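Using the hints provided, position chain B relative to the given structure of chain A.
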Amino acid sequence: MVSTNPFTQMFARSPFKPMQEHIAKAQQCAEQLVPFFEASFADDWEKAEKYQLIIADLEHEADDIKKEIRQSLPSGLFLPVPRTDLLNLLRMQDKIANTAKDISGIMLGRKMSIPTLIQNEMIEFVKAAVKTSEQALTALNELDELIAAGFRGREVQVVEALIDKLDDLEHKTDNLERHLRHSLFKVEKELDPIDAIFLYKVISWIGDLADRAQDVGGRLQLLLAR
Amino acid sequence: MNIIAQHGDIIVIMACVFGFFMAWGVGANDVANAMGTSVGSKALTLKQAIMIAIVFEFAGAYLAGGAVTATIRKGIIDPSILSGTPELLIFGMMSALLAAAIWLLVATFFGWPVSTTHSIVGAIVGFAAVGISPDAVNWAKVAKIVASWVVSPVTAGFIAFFLFRTVQRLVLDTKNPFENAQKYVPFYIYLVGFIISMVTFTKGLKHIGLDLSFGNSALISVGVGFLTMIIGKIMLSRIKEDKEADKDYHFTSVEKVFGVLMMFTACAMAFAHGSNDVANAVGPIAAIVGIVNAGGEVLQETVMPSWILILGGTGIVAGLVMYGHKVIATVGQNITELTPSRGFAATLAAATTVVVASGTGLPISTTHTLVGAVLGVGLARGLAALNLKVIGTIFVSWVVTLPAGAGLSIIFFFMFKGMFS
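Taken in sequence, the protein lines are chains A and B. For the first sequence, position 189 (counting from the first letter as 1) is numbered 189 according to our numbering, and the numbering increases by one without interruption. For the second sequence, position 402 (counting from the first letter as 1) is numbered 402 according to our numbering, and the numbering increases by one without interruption.
Isolated chain A (complex conformation) (with noise of 0.2 Å):
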């Protein structure tokens, strides 16, 4: 009886909190490389697939909210942003899940063991990564305030400043992956040529995904602006 009544029949589900669900497990599964890269660095596979797992069953959950999120927004709902833009966040934020499951997947797939001299260096980069894509679910967590000023003003200004500390994340990310990837260069004569070709494509896609939760702020930026 209740379902019919015109006035709660108007309230839609808000896609916004399962947004920002969405984006926390993302940056569970991204979270979870770090650990998987020390397992890998001691050679312990076992435990790296663990962690593997993990980030498989996280991006999983991820991929199931966001079909919710999908299946909830019909184009007759009145949003206070464009619908698109929104699923073009949503779709940005899921490839952070993605990347971070590519990346253990061919690295546990190829038993892939980081030398010993680009360890450190290693480690560095994936952290700095990880905090880049978590400093894109602090922006996103700011989703619920902006509803309430109705995108404007100062809750506006805190976000944007969010996002540029995003950017800069990104950037420091960036200069860690152009150091690596020389520290790389000078040891790959010693690496099979095939395991060396990987390695590159692994620290790219670690770039990746600082560049995707790069994306999910100018996404955010997208909505603000308007």
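Think of the hints as simulated: they come from the structure by calculation, not from any bench. Since this is a predicted model, take the numbers as computed values, not measurements. Heads up, the beta-carbon is just placed ideally off N, CA and C, and yes, glycines get one too. Accuracy of the hints is not assured; some may be wrong.
Said to hold, decoys possible - Label pairs and their computed distance ranges (CB to CB):
| no. | chain 1 | residue 1 | chain 2 | residue 2 | range |
| --- | --- | --- | --- | --- | --- |
| 1 | B | Val399 | A | Asp164 | 24 to 34 Å |
| 2 | A | Ala161 | B | Val150 | 41 to 51 Å |
| 3 | B | Lys326 | A | Asn141 | 34 to 44 Å |
| 4 | A | Arg91 | B | Ser237 | 42 to 52 Å |
Said to hold, decoys possible - Calculated Cβ distances over 12 Å to all of chain B for the following chain A residues:
| no. | residue |
| --- | --- |
| 5 | Glu46 |
| 6 | Asp64 |
| 7 | Glu142 |
| 8 | Asp144 |
| 9 | Lys172 |
As the list claims (entries may be wrong) - Here are some, though not all, of the chain B residues that point toward chain A, as calculated from beta-carbon distances under 7 Å:
| no. | residue |
| --- | --- |
| 10 | Asn33 |
| 11 | Gln48 |
| 12 | Met51 |
| 13 | His250 |
| 14 | Leu386 |
Chain B only, in chain A's frame:
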């Protein structure tokens, strides 16, 4: 004439029973939307909401329900045309009440969203146009009423939009939202007290023996506004900023301040709702009682006895206490999205619109007005997601309810006519 002399008492008792039943339905179903906002935003507990609804629905019905009742009673139909056959008006009003009540029962059973107001207006127009003659209907008035059904949600939407924009500008978009909330909320509380008393005092307290000039009404309203503001200030002084809770959602403490405001708008909403919706139930009774008391004369000027409004108010409260509390709880659970800062904007806008309509004697739908008000908050980009399909549902409910109410009342009209003559 004989019919009225013979069966006058029975007719009045029957009318009161039907009317009470209608009022019961209003209390059981329609109050929920008016009060659900406050429960959903957690500004009020369910118990508090029911207490407020009981007091203010009754007050609204009794103090400000006169004008709309007059419209239902003698505004839609031109009684002068019926001066020779007053019994037709009695049969008609009985059938209108019965038709609207049965239609509401059927609709509730199937879960169709219909409005009490539309049912009764459709029913009255139906019996008058078909059972008596199309000339008996005051079409200009009907057109005005129908127009008000479109105008009222739109007006409420505008008011809600601007109210919420002021909240955004003065409170949410500032460096110290909590301080500013404490600073500005008293003014909103003042506004609530002022608007409601202004409309009530200027538009009608004649039936309780208070006939005030416009200037006096304004003065009293300013006083009432200040009084509510002082009460509000005392309540606000107990709200302290909770920095820990604000970390998660920065406006948690601010919403607590608006929660106080929401209590006042909830009172206003209940008052407004009572003042408009009581007429749906008691307007026809008033018409019937008027004729029977006058011994069969169709008089335009008779003053409506206030016991009729009290009967309606009691019916609403009875429906609310017996069944309405369940519906309020369900509505409240469904609209948690409406936090006090948003909910107050929506309810104050709706309450203002409804109370002005009550003062002007226009029977409108409180629910549709609230829908318009919430859309206004949404247009200020203040709500997460709104389902625009309801606007279509509302139009469909008009298109279905008016002919359904009319059709049923025509059937009952001819039935009564056959039974008594």
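Here's how the hints hold up against the structure:
1. Val399/B x Asp164/A: 24 to 34 Å: For Val399/B and Asp164/A the Cβ distance comes to about 54 Å; the hint is violated.
2. Ala161/A x Val150/B: 41 to 51 Å: With a Cβ separation near 45 Å, Ala161/A and Val150/B satisfy 41 to 51 Å, so the hint holds.
3. Lys326/B x Asn141/A: 34 to 44 Å: Once the Cβ atoms are compared, 37 Å apart, the range 34 to 44 Å for Asn141/A and Lys326/B holds.
4. Arg91/A x Ser237/B: 42 to 52 Å: Cβ of Arg91/A to Cβ of Ser237/B: about 49 Å, so the range 42 to 52 Å holds.
5. Glu46: Holds, because the least Cβ-Cβ distance between Glu46/A and chain B comes to about 38 Å, which exceeds 12 Å.
6. Asp64: 20 Å, holds
7. Glu142: Per Cβ check, Glu142/A is inside 12 Å of chain B; nearest 8 Å; violated.
8. Asp144: Non-interface label fails for Asp144/A: nearest chain B Cβ at 6 Å, not farther than 12 Å.
9. Lys172: Check passes; 26 Å lies beyond 12 Å.
10. Asn33: Status holds, d = 4 Å.
11. Gln48: This hint is violated: Gln48/B lies away from chain A, its Cβ roughly 20 Å from the closest one there, beyond 7 Å.
12. Met51: Hint on Met51/B: violated, closest Cβ of chain A at ~22 Å, above 7 Å.
13. His250: 5 Å, holds
14. Leu386: With a minimum Cβ separation of about 4 Å from chain A (threshold 7 Å), the hint on Leu386/B holds.
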